[in-house]
Amino acid sequence: DAGVIQSPRHEVTEMGQEVTLRCKPISGHNSLFWYRQTMMRGLELLIYFNNNVPIDDSGMPEDRFSAKMPNASFSTLKIQPSEPRDSAVYFCASSNGRWNSPLHFGNGTRLTVT
Amino acid sequence: AQKITQTQPGMFVQEKEAVTLDCTYDTSDQSYGLFWYKQPSSGEMIFLIYQGSYDEQNATEGRYSLNFQKARKSANLVISASQLGDSAMYFCAMREVFSGGYNKLIFGAGTRLAVHP
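Chains as they are written, first to last, in the numbering used here: chain Y, 1 to 114; chain F, 1001 to 1117.
Hints were generated in silico from the structure; no laboratory data involved. In this text the structure is predicted, and so the values were computed from the model without any measurement. Please note that a few of the clues may not be correct.
Not everything, but these chain F residues come out facing chain Y in the computed CB check (under 8 Å) [as the list claims (entries may be wrong)]:
#	residue
1	Asp1029
2	Gly1033
3	Phe1035
4	Gly1043
5	Met1045
6	Phe1047
7	Tyr1050
8	Val1078
9	Arg1095
10	Phe1098
11	Gly1101
12	Lys1104
13	Ile1106
By construction, the Cβ of each residue, glycine as well, lies at the ideal position given by its N, Cα and C atoms.
Please take these sequences and the hints and turn them into a complete structure.
Here's what the structure looks like:
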């Protein structure tokens, strides 16, 4: 059974460029989360989808960040324009929404903005 | 306000010994869930163990057990018979309910565990 799949694994880009991170959740999971991990701030929740609908985007740092979930099997996180302070590991996670169910994480995308 | 507190930035333990990683939490909810994750140097997040607030028994999963003290709002992870492969970052997380009945997981800052041979 495939887990959460993220692409790319690594992304290096120059400041000002658009970056798109992709996520395929586990089939049958109805909740999808995007987290960002940095040394300074730890694991931060950016946005949460339930049944493809954004429920809580209060963690999205600013308007340069946007996320979509056009269907149950695909989500994107876009940064436009990117800045060096966006450098981090971005995780996508999914769950079946049950109270006692863990989040299943993808392997993350390590983003470096120069 | 910090919801999940992990007071030990780093811990070390001798191989084959037991180690306890601390986690305290803050919530006014009666119903909540607590999770522990392991993040090895390769970077993936691995789910270890879950404890529900109404669970009467402490959760156990193999060498992992959770010392759940509800009145103290603590959910410490105990790793028995440590192995070199246990060296990793460990995160405590709490499932938090917000408006509309939805829930999300918030994480502590983590504890880095080093197992010495």
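The hints, checked one at a time:
1. Asp1029: 11 Å, violated
2. Gly1033: 6 Å, holds
3. Phe1035: Hint holds; Phe1035/F Cβ to chain Y Cβ min 6 Å, cut 8 Å.
4. Gly1043: 6 Å, holds
5. Met1045: 4 Å, holds
6. Phe1047: Constraint on Phe1047/F satisfied, holds at 4 Å.
7. Tyr1050: At about 6 Å, which falls below the 8 Å cut-off, the nearest Cβ of chain Y leaves the hint on Tyr1050/F intact, so it holds.
8. Val1078: 19 Å, violated
9. Arg1095: 7 Å, holds
10. Phe1098: 7 Å, holds
11. Gly1101: Status violated, d = 10 Å.
12. Lys1104: Given a least distance of 5 Å, the restraint on Lys1104/F holds.
13. Ile1106: With Cβ-Cβ at 7 Å, under 8 Å, it holds.
The structure fails to meet hints 1, 8 and 11 from the earlier list, while all remaining hints are met.
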